[in-house]
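Enquirer: Kindly generate the complete structure, drawing on both the sequences and the hints.
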Amino acid sequence: MHQSNMPAYASRDLLVALDEYYEEYEMNPSDWTSPAAKAVSYQGASYGVLFDLHGNLLHVNVNLFEQAGLVDEKGVPILPTSTEEWFEHARIMREKTGKLYWVEDATQFPISFRLFHTLMEQQRVSVVNTDTGEVNIDSEAGRNVLNFMLQRFQRDFSDPNADYTAAQQLFMNGEAAIEMNGTWVVDQYSKELTFDYRAMNFPNLMGRKKVWANSHMWVIPKQQEDKRQYEAAMEFCKFLSEHVYEWAAGSGHIAPRKSALAKLADDQIPQRANYAETASNAVTFPPVISYSNIENIIKEEIEKSWLLDTSVDSVLEQAQKRVESVMNE
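In numbering that gives the first Met the number 0, the protein residues as written are 0 to 328.
Keep in mind that the hints were calculated from the coordinates and are not lab data. It cannot be assumed that every hint is accurate.
[What the hints assert, rightly or not] 25 angstroms max Cα-Cα, derived DSS-like pairs, lysine-lysine:
no., residue 1, residue 2
1, 237, 262
2, 303, 320
3, 95, 73
4, 208, 73
5, 73, 190
6, 221, 37
7, 262, 208
8, 208, 226
9, 208, 37
[Unchecked claim] Pair ranges (Cβ atoms, derived):
no., residue 1, residue 2, range
10, 194, 164, 15 to 25 angstroms
11, 164, 4, 46 to 56 angstroms
12, 123, 323, 18 to 28 angstroms
13, 224, 310, 55 to 65 angstroms
14, 228, 150, 49 to 59 angstroms
Don't be surprised by glycine CBs; every beta carbon is placed ideally from N, CA and C.
Expert: Okay, here's the thing in structure tokens:
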């Protein structure tokens with residue numbers, strides 16, 4: 000189950016709280032990274048055995064960065080550290096190479112929502128506050144984010160019409176220097192790309208290093224009282240927990256355990272060191288019951304700013320109202 004979906008089930012008392020099982024089955028929560036530990040928590044209890052974190056990365060064409068002169072003395076691509084620098088780097092990339100600076104799926108899957116969430120969290124503002132019920136979309140922080148997202152397209156530094164496949168093809172064919180996509184494509188790109196490729200942590204553009212993430216976790220649905228079923232399920236979960244290293248090494252996702260992350264670094268699994276920082280920078284969405292609904296609303300509304308030329312103020316106002324309605328259900 001995804002972390003984002005877990006509260007909908009835990010809130011209806013459909014899942015077994017696992018806190019008392021962790022010690023019995025030799026699972027050590029102190030070995031979990033902070034974002035991972037937060038992912039399994041809901042209203043003071045823990046409902047999952049973590050398998051990974053998966054989040055947004057920047058997938059970078061190193062050759063294009065070299066052509067643009069945007070590399071350091073070691074040849075590592077230099078990423079922007081502010082939105083102003085983002086536009087300056089994008090201008091340089093276009094002037095030096097004629098290529099797009101950045102692409103992402105801007106129309107199909109909820110990648111736009113993930114970028115919005117990322118940049119809100121970088122400003123220390125959550126899209127929703129689950130403690131107070133407050134929604135912060137129509138805010139100064141929200142306006143900062145959406146103006147930045149929109150101006151990238153208006154200034155022709157990114158493609159506003161790209162879906163997931165088109166964004167991938169633009170990057171893989173060398174027509175874009177950066178693709179924002181997830182951990183799940185790292186190994187595919189490492190094997191298939193014909194240019195020098197590097198996976199990198201999402202940069203700090205608006206105040207602090209944070210990036211959208213979700214988590215795969217194993218949960219146990221409540222059954223009629225049958226201790227044997229729970230014991231069998233926990234034995235299976237223990238086995239999976241003990242093998243998160245193998246999963247992370249083979250999938251590109253981020254191990255939720257500090258010990259596994261250390262082993263991945265020691266074993267020099269390709270690309271993993273380049274985005275290891277994402278393990279601590281990851282931030283999951285606040286634990287809401289209607290995550291999918293909220294995700295879809297924000298995606299639909301913010302994409303209107305570049306697909307339908309709807310004003311930023313109107314988009315934020317409408318998204319705010321719709322999400323407030325969902326939160327008040």
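Enquirer: Next, verify each hint and record whether it holds.
Expert: So, going through the hints one by one against the coordinates:
Pair hint residue 237 plus residue 262 holds up; C-alpha atoms about 19 angstroms apart against a cutoff of 25 angstroms. In summary, the hint linking residue 303 to residue 320 is supported, as the alpha carbons are separated by about 15 angstroms, within the 25 angstroms threshold. The suggested pairing of residue 95 with residue 73 holds, with an alpha-carbon distance near 20 angstroms, which does not exceed 25 angstroms. As the CA atoms of residue 208 and residue 73 are separated by approximately 23 angstroms, the hinted pair is consistent with the 25 angstroms bound.
A threshold of 25 angstroms between alpha carbons decides the hint, and for residue 73 with residue 190 the separation of about 23 angstroms falls inside it, so the pair holds. A hinted pair counts as satisfied when its Cα atoms are at most 25 angstroms apart, and residue 221 with residue 37 qualifies at roughly 22 angstroms. Using a Cα cut-off of 25 angstroms, the hinted pair residue 262 and residue 208 holds, with the two alpha carbons roughly 24 angstroms apart. Restraint check: the Cα-Cα separation between residue 208 and residue 226 comes to about 44 angstroms, which exceeds 25 angstroms; the hinted pair is violated.
As the CA atoms of residue 208 and residue 37 are separated by approximately 17 angstroms, the hinted pair is consistent with the 25 angstroms bound. Look at residue 194 against residue 164: about 19 angstroms separates their beta carbons, and that is inside 15 to 25 angstroms. Distance hint for residue 164 and residue 4: a CB-CB separation of about 25 angstroms, inconsistent with the stated range 46 to 56 angstroms. The beta-carbon spacing between residue 123 and residue 323, approximately 21 angstroms, falls within the hinted interval of 18 to 28 angstroms.
A hinted range of 55 to 65 angstroms for the beta carbons of residue 224 and residue 310 is consistent with their spacing of about 57 angstroms. Roughly 55 angstroms separates the CB atoms of residue 228 and residue 150, a value that falls within the hinted 49 to 59 angstroms.
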